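Given these sequences and hints, build the entire structure.
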Amino acid sequence: MDSLSQAFLNSLLLLFSGNSEIWEIIGISFRVSTLAILVATPPALLTAFLLTYGRFPGRRLLISIFSTLLSIPAVVVGLTLYVVLSRQGPLGDWKLLFTQTAMVLGQIALCFPILVAMGHSALQASDRRVWETARTLGASRPRALFTLFREVRFGLFAALLAAYGRIIAEVGASMMLGGNILHYTRNIPTAIALETSKGEFAEGIALGLVLLVLVFSLNGLLHYLQGKGRWT
Amino acid sequence: MLRILPTLTLAWLLCTSSLTFAGEPANPGTIRLATTTSTENSGLLRYLLPDFEAQSGYQVHVIAVGTGKALRMGQDGDVDLVLVHAPQAEQNFVQAGYGIDRQGVMYNDFVIVGPTADPAAVHAANSALAALARIASAKAPFVSRGDDSGTHKKELALWKQADIEPADSWYREAGQGMGKVLQIAGEMDAYTLTDRGTWLALQDKSPLQLLSEGDPQLFNPYGIIAVNPERYPDINYKGARALIGWITSPQGQSRIGDFRVGDNRLFTPSATAPPMAEKNIK
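Just so you know, the protein sequences line up as chains G and F, in that order.
To convert a position in the first sequence, counted from 1, into the numbering used here, add 177.
To convert a position in the second sequence, counted from 1, into the numbering used here, add 223.
The hints are simulated quantities; they were obtained by calculation from the structure and are not laboratory data.
Predicted model, so just to flag it, every value in this text is computed and none were measured.
Among the hints, erroneous ones may be present.
Chain F is faced by these chain G residues, among others (derived, beta-carbon under 10 Å) [said to hold, decoys possible]:
id, residue
1, Glu-201
2, Leu-212
3, Thr-218
4, Tyr-259
5, Lys-272
6, Phe-275
7, Arg-320
8, His-360
9, Thr-373
Simulated restraints, written as ranges between beta carbons of each label pair [to be verified]:
id, chain 1, residue 1, chain 2, residue 2, range
10, F, Tyr-270, G, Leu-389, 25 to 33 Å
11, G, Pro-220, F, Ile-407, 40 to 48 Å
12, G, Leu-246, F, Arg-488, 18 to 26 Å
13, G, Thr-211, F, Pro-430, 39 to 47 Å
14, G, Thr-211, F, Gln-326, 41 to 49 Å
15, F, Leu-433, G, Leu-389, 32 to 40 Å
16, G, Thr-245, F, Ala-319, 28 to 36 Å
17, G, Thr-211, F, Ala-361, 52 to 60 Å
For glycine and all other residues, C-beta sits at the position ideal for the given N, C-alpha and C.
Put into structure tokens, the structure is as follows:
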């Protein structure tokens, strides 16, 4: 086996020698996770709003459920969707298993609770009067919602970034639902798992580096936003 | 701010609706092949399939899992065909009506690898069963695939034939693919049973050594089976037939025979060879 430093060097070489396969894998990761977050965010934030400002029976229970779902293992999400999407499952006719769509669905299921729970805490910290004032001043509901979201935008961004960080680094659901198909559903985490099992540590590390840099930037941004726009 | 709301909603709807199409699930140009980790980890399929794809215009989606899971995917209609290595399980699969058109494709063999120090003196055993008996009586650590793969099925059958119940603490079930299990065995100084293909592909990176080989018991044939279109009429049976036809054709077979890792030929084509020749491998 290569020494760690050698594997590390090789990984840098791989990344910057324009190894098209690695960049394709990176592209798939971004496409799937970005699509998932785009689809999940609007309904999730709306749910968060209803949970914070709505008054209906079962509201507290729902909040607890979403908080619990925060820690659901990705493989459980993967397995559940696998059973649902398999030809033998209720949605089998759609033939979605082992497609990028299945991966997107898995990642939506994973990031939705994060968006709701973190969106909920962000909205809870908001001043109720923002909503009330906007409504009193004659703003329509969507308009008032917009004003409110603007008010707590830092918290919402934080939720978005945390959710993105979770799904782009997630391996369990992607492996089960996508099937790790080359050029199609092989993303960064499943490729790392495969390369590691083949003993190709340099490629694993190269992809790990990309993830690390990405998640690090996301976290940096997160801290920046939590400090409401200050770096210190 | 509010003026962009319709635009945003439209963008969101576009994203969401793209989900239904992103998968191209019913694309007749794709073939879904469930296969074993050994054909994928050894690099064979990545060497073979581009040729087939270029000639046929099909695109092959390879899902590499253990043989047990691959057959299950075929049974559930989640793939179009399977390429596996577990003759008994394959026979059951065809008999149950889950698959048709089974063809032999190639073979290699299993080998027993272990630590260089060889505490159980496996290298001195004259058969695979004797080798396993030595490992068991020395209580030397042995890593099992433990994942219902073809290799796992073979290993369990061998233990049974040797009349040994491998359940003690020296016997570890990893539940992982072949490459991973070789790494685990390497780290633990343990013995394991592996297909020769994966072993040859990984031996340079492994501290383990080949200790027992050549027993006819360790013969490892690979078969390809189309999922029965009568069970799933909309499955890509045509594509499956095309792939089976190509891989068993003289051209596909000679490509398999040409595949080398280092200087080693990993798989021996067997689709055109007389069945008896399959039995005499060294």
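Do the hints match the structure? See the list:
no. : hint                              : verdict
1   : Glu-201                           : violated (14 Å)
2   : Leu-212                           : holds (6 Å)
3   : Thr-218                           : holds (8 Å)
4   : Tyr-259                           : holds (9 Å)
5   : Lys-272                           : holds (4 Å)
6   : Phe-275                           : holds (6 Å)
7   : Arg-320                           : holds (5 Å)
8   : His-360                           : holds (8 Å)
9   : Thr-373                           : holds (8 Å)
10  : F:Tyr-270 - G:Leu-389: 25 to 33 Å : holds (32 Å)
11  : G:Pro-220 - F:Ile-407: 40 to 48 Å : holds (43 Å)
12  : G:Leu-246 - F:Arg-488: 18 to 26 Å : violated (51 Å)
13  : G:Thr-211 - F:Pro-430: 39 to 47 Å : holds (42 Å)
14  : G:Thr-211 - F:Gln-326: 41 to 49 Å : holds (42 Å)
15  : F:Leu-433 - G:Leu-389: 32 to 40 Å : holds (37 Å)
16  : G:Thr-245 - F:Ala-319: 28 to 36 Å : violated (41 Å)
17  : G:Thr-211 - F:Ala-361: 52 to 60 Å : holds (55 Å)
The structure is inconsistent with the numbered hints 1, 12 and 16, although it conforms to all the rest.
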